[in-house]
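Modelling step: build the complete structure from the supplied sequences, incorporating the hints.
So the chains spell out like this:
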Amino acid sequence: MTDDELRRAIEAVVMVAIEPVTPSLMAELFEERAERVEAAARELTESYERAGHGFVLAKIAGGYRFQTHPDQALFVERFANRDVSHRLSTAALETLAIVAYRQPVSRTQISALRGVNVDGVVRLLEQRGYIGPVGRAEGPGQAVLFGTTDLFLERLGIDSLAELPPIEEYLPGPEAVVELEDRLRPALGD
Amino acid sequence: MTDDELRRAIEAVVMVAIEPVTPSLMAELFEERAERVEAAARELTESYERAGHGFVLAKIAGGYRFQTHPDQALFVERFANRDVSHRLSTAALETLAIVAYRQPVSRTQISALRGVNVDGVVRLLEQRGYIGPVGRAEGPGQAVLFGTTDLFLERLGIDSLAELPPIEEYLPGPEAVVELEDRLRPALGD
Amino acid sequence: MRPPVRYGRAVGVDVSTPVFEGPIDLLLHLVTSHELDILDVPLAPVVDAFVATMQATKDAYGMEVLSEFLLVAAILLELKSQKLLPGPDEVDPEDELLGWDERDLLLSRLLECRAYAAVADRLVQLAEDAARSAPRVSGLDEGFSVHAPDLLEGVDARDLAEAFLRATAERPVPRVDLSHVTVDTLTVAEAVEELAVELPARRSTTFTELTGHLGTRIEVIVRFLAILELCKLGRVQLGQGRTFGELSIEWVPGAELVGVGVGAIVLDEYNG
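Protein sequence lines correspond, in order, to chains A, B and C. One point on numbering: in our numbering, the residue at position 161 of the first sequence is 161, and numbering is uninterrupted. One point on numbering: in our numbering, the residue at position 190 of the second sequence is 1190, and numbering is uninterrupted. One point on numbering: in our numbering, the residue at position 5 of the third sequence is 2005, and numbering is uninterrupted.
Possibly wrong hints are sitting among the right ones.
What the hints assert, rightly or not - To spell it out: a stretch of chain A is covered by chain B in this simulated footprint if at least three of its residues, at any positions, have a beta carbon under 8 Å from a beta carbon of chain B; those stretches are:
id, stretch
1, 60 to 68
2, 98 to 111
To be verified - Not close to chain B: a few residues of chain C, all C-beta gaps over 12 Å, as computed:
id, residue
3, A2044
4, V2124
5, A2134
6, P2135
7, L2140
8, E2142
9, D2150
10, E2162
11, E2198
12, P2200
13, S2204
14, T2206
15, F2207
16, E2209
17, E2250
Unchecked claim - Here are some chain B residues pointing at chain C (derived, C-beta under 10 Å):
id, residue
18, R1050
19, R1065
20, D1071
21, R1087
22, L1096
23, A1097
24, I1098
25, S1106
26, I1110
27, R1123
28, Y1130
29, V1134
30, I1158
31, E1163
32, P1166
Rather than coming from a laboratory, the hints here were simulated on the basis of the structure. For each residue, glycine too, the CB sits at the ideal point set by N, CA and C.
Here it is as structure tokens:
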């Protein structure tokens, strides 16, 4: 298969796919090495960008898919009347963030961290398909452990969990620690 | 709108469309003359052919859509018949159930029920022959209405839709719906 | 008492109770710093304030504010429930509500939560950027033959009916915003109704017996408040041998009035 044939084949298969197509699946279909497919897909992505198309070839959740160029959002929204928002509440978002960074994690662990019951929120996130059971904890009870799904990656437009912003950068600074301590210190404690 | 902007907008809209997009609809979206849109689409078709892409921009039933280049049929067929999943996902099964019980029903109606975009799932069910268009809604937009097919009955091993288990007995009464709505409204903030 | 300094992110919602009037986050501060006894603070007005705020001025407050309010209210409720019900492992009920160890835990927990809250904003940004692109979902062109296995294999009509019920009945949206106040449990009003059925059957019972099967503190609290409510209405008589002793509950004979449904019991509004 020449480079050109490979690129054409990728374009055709990704065009009819409904979900992102992994390089390994394409490698199987084309009887080629996955690395070669990956390299060709990357080249395609770049060539589209250079040519200034209204679509892009994006790598999402480990696979490639065609999607519209972000700067065409206005027309796409007008056309599809898309209701992408379905915005999550702050509580749901924070719970989602905990699952994303702490996975695999149980309801009880999330609850302990948030200090409130999270059953409803966890169920909502599960129903939306952003998180799902990924295993069970050892020990008594064998709590269900949750992790994020490919849909979660898709919605964030990222390729893998490694692309999540590092949580360290979001830890509160020393001032916040002092302030929180002040809040917690009882009058009799010192 | 420059020629280049027009071409990019056409590419984006046609990329997300499920059915062929007519030049007149695009003209409306872009606030341009339909003749100009038509000319730009023809130019795109030719430029793809010249560049030797694995996809084409085809004019079908008065509208434009992306489809695979005929010479890529082998790979597309291999992809379509890949043996990845023997079962419908939960999301797909639930969507199929909604179509079965609520038919005729539009994508938007299913979406509203499921709280998520269902375009991909509906497309999958349609391609597998379990559901199909059975008409169009009245009013603006004339959304396609879906219903289940004979293949669906066959695969489920039933003779007619009348044999589906009745679900009325499980459904909450109108008071519950009203109450749910009341609780939802402030939460959704609309 | 210290001047009413605002701590942390301003929640911006005021509450009014017999012992405290002002921003809810200040109330939390006063409670955690032992300047106010949580037992003296009725929480129903706090919840009322939330509901009123939400209904009257939902445009004025963002989801952010309302969620924060709920979180603070939930913490207050949790503190109150801890204080009301000393667990069997807590030897001395006179112990400080928050020991140093517990405070340290709480501190690290709050810090971590703040990090997740901050990163959640970033995740929203990512999602919003991503939403500017729409994926292609059109799928296969016509004319290709698909020989893939039957995806409905093993699915029968019953499965389908169940899937439909899941898809339609289990829409959990209302749970999102109320989850902070443990929406899964009964409201006080519901607990009263439940107890009005259960207690006449038992005649005499104890609080432990009545709540032994319950999984969470808040469920116990709700039953407790319901019992107090029934006591106020003269439907039950309560007895307690000694401080922190077992609470005995006796249904007043004749209290189950003929033809009066449980719904007829008039309640103060607790809203959960």
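Right, here's what the structure says about each hint:
1. 60 to 68: holds (count 3)
2. 98 to 111: violated (count 0)
3. A2044: Correct as stated: the minimum Cβ-Cβ distance to chain B is 19 Å, above 12 Å.
4. V2124: 16 Å, holds
5. A2134: 4 Å, violated
6. P2135: Since the minimum Cβ distance to chain B is about 7 Å, C/P2135 lies within 12 Å and the statement is violated.
7. L2140: 5 Å, violated
8. E2142: With a cut-off of 12 Å, C/E2142 comes too close to chain B, as the shortest Cβ separation is near 9 Å.
9. D2150: Since the minimum Cβ distance to chain B is about 6 Å, C/D2150 lies within 12 Å and the statement is violated.
10. E2162: For C/E2162, whose nearest Cβ neighbour in chain B is about 8 Å away, the distance does not exceed 12 Å, so it is violated.
11. E2198: 24 Å, holds
12. P2200: 27 Å, holds
13. S2204: 36 Å, holds
14. T2206: Holds, since 35 Å exceeds 12 Å.
15. F2207: 31 Å, holds
16. E2209: Per Cβ check, C/E2209 is outside 12 Å of chain B; nearest 32 Å; holds.
17. E2250: 35 Å, holds
18. R1050: 21 Å, violated
19. R1065: Because about 7 Å separates B/R1065 from the closest Cβ in chain C, which is inside the 10 Å limit, the hint holds.
20. D1071: For B/D1071, the interface hint is violated, since the closest Cβ of chain C sits about 14 Å away, which is over 10 Å.
21. R1087: Constraint on B/R1087 satisfied, holds at 6 Å.
22. L1096: 7 Å, holds
23. A1097: 4 Å, holds
24. I1098: 6 Å, holds
25. S1106: Given a least distance of 16 Å, the restraint on B/S1106 is violated.
26. I1110: With a closest approach of 9 Å, the B/I1110 hint holds.
27. R1123: 5 Å, holds
28. Y1130: Because about 7 Å separates B/Y1130 from the closest Cβ in chain C, which is inside the 10 Å limit, the hint holds.
29. V1134: 18 Å, violated
30. I1158: 6 Å, holds
31. E1163: 7 Å, holds
32. P1166: 8 Å, holds
Violated hints for the displayed structure, listed by number in ascending order: 2, 5, 6, 7, 8, 9, 10, 18, 20, 25 and 29.
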